[in-house]
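Novice: What follows is each chain in one-letter form.
Number of protein chains: 2
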Amino acid sequence: MKQGNLYILSAPSGAGKSSLISALLQRSQGQEMMVSVSHTTRAPRPGEEDGVHYYFVSEQAFESLIEQGAFLEYARVFGGHYYGTSLPAIEQNLARGIDVFLDIDWQGAQQIRRRIPGVKSIFILPPSLTELERRLIGRGQDSAQIIAERMSKAMAEISHYDEYDYVVINDDFERALGDLQHILAAERLSLAYQQRQNADLIHQLLAK
Amino acid sequence: MKQGNLYILSAPSGAGKSSLISALLQRSQGQEMMVSVSHTTRAPRPGEEDGVHYYFVSEQAFESLIEQGAFLEYARVFGGHYYGTSLPAIEQNLARGIDVFLDIDWQGAQQIRRRIPGVKSIFILPPSLTELERRLIGRGQDSAQIIAERMSKAMAEISHYDEYDYVVINDDFERALGDLQHILAAERLSLAYQQRQNADLIHQLLAK
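Chains as they are written, first to last, in this note's numbering: chain A, 928 to 1135; chain B, 928 to 1135.
With the rest of the complex left out, here is chain A (with noise of 0.2 Å):
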């Protein structure tokens, strides 16, 4: 039976996830993988696709949803918005084998570990506190208040670090790019992915 495997990335903004996970999903090479989208009840941006950055639903359809209990996390953030994660969409993609990624903070991971127990979660650091600063301070365009709220939502969110199976650091992009690989093709070599995968050998073996 194909069955793909669901992880949860986390990072403080300034650490490259972003550009990690787009740059992991290019070069998938066969396998097949994608980033879980989200519902919203925000409105769409100019440029942003239904179904492809967003499902942008209403607000009432988002809260039948979550008494349909179809959100794995799901959070209401400053300016009212609903955000979630819908796991009806997640099952069917894992079902098709494909590896889910899913893009969120500390608080939906430890939403999600509850629900899911035994799914893996991958939490991404900057190469160091100055290049954090740096990369956080930006091009000196923002007032000093925004870029406090900035720096201290990124260390909340580092506080959270622990909490994760995997710490990757990226100091070269190319060498934290080669360490998601690494913990992803090592995901698929588990006991319990392996006996879905190749169950046919195992029976055969086992038979004899």
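Please note: incorrect hints may appear among the correct ones.
Copies of the same chain look alike in the list, so a pair counts if it fits in one copy or across any two.
[Stated by the list, open to error] The calculated lysine to aspartate or glutamate pairs, modelled on DMTMM-like cross-linking and capped at a C-alpha distance of 25 Å, are: (1) Lys1135 to Glu976; (2) Lys929 to Glu990; (3) Lys1047 to Glu976; (4) Lys1080 to Glu990; (5) Lys1135 to Glu1018; (6) Lys1047 to Glu1060; (7) Lys1047 to Asp1089; (8) Lys929 to Asp1098; (9) Lys929 to Glu1076; (10) Lys929 to Glu1018; (11) Lys929 to Glu1090; (12) Lys929 to Asp1092.
These are calculated hints, taken from the structure and not from any lab test. On a predicted model such as this, the values are computed, not experimentally measured, just so you know.
For this one, chain A is given, so just place chain B on it according to the hints.
Specialist: Relative to the frame of chain A, chain B by itself:
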């Protein structure tokens, strides 16, 4: 603090484990790794060196080591000779940052899991029953009884494959070698390993 990882590697005879371990050591690319050297009370065979192939010790010395609790696992095999894996030697190498492989059977693996609950273990499977039989029959110079015994021992070993963390199928040598390399690399990205290996960076990031 540098600290290597400890691995159990098991396989039925005929799965290609020895060739895979040799190639793994030869192409270790800077990451130090070694196969643990066992203690035995049997006499060295021509060409065997003490401390390289085995630590050759007297029965009295071996039994004294048993009393000291020095062995992670040991067994007395047919013929009355002892074989065992000494913990102090392994710990010394792990503390130098070297990954250590224990090349042992399912019985030794069970003993070691009881002593070191977190130890990671890898089982290597042959690509098919036909291929396994072909390898175990060998060049047709052995008696039917010897072949039957060899086959029965291989089947007993295979029946324990599901006690291992990872399963590697040796259908293609280079691919199986790559699989082992992925596992070792991923384990070096595990939370516990990264906390030891990158303690300074993590400390710096959390102190902010």
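Novice: Work down the list of hints and note, for each, if the structure agrees.
Specialist: Each hint, compared with the structure:
1. Lys1135 to Glu976: neither (54 Å within a copy, 38 Å between copies)
2. Lys929 to Glu990: Neither, since 32 Å and 50 Å both go past 25 Å.
3. Lys1047 to Glu976: neither (29 Å within a copy, 44 Å between copies)
4. Lys1080 to Glu990: neither (27 Å within a copy, 59 Å between copies)
5. Lys1135 to Glu1018: For Lys1135 and Glu1018, the Cα distance exceeds 25 Å both inside one copy (35 Å) and across copies (39 Å).
6. Lys1047 to Glu1060: Answer is neither; intra-copy 28 Å and inter-copy 37 Å both fail.
7. Lys1047 to Asp1089: both (13 Å within a copy, 20 Å between copies)
8. Lys929 to Asp1098: between (35 Å within a copy, 19 Å between copies)
9. Lys929 to Glu1076: Result: close neither inside a copy nor across copies, 44 Å intra and 36 Å inter.
10. Lys929 to Glu1018: within (12 Å within a copy, 40 Å between copies)
11. Lys929 to Glu1090: between (28 Å within a copy, 22 Å between copies)
12. Lys929 to Asp1092: The answer is both: 24 Å in one copy and 19 Å across copies each meet 25 Å.
Checked against the numbered hints above, the structure breaks hints 1, 2, 3, 4, 5, 6 and 9 and satisfies the rest.
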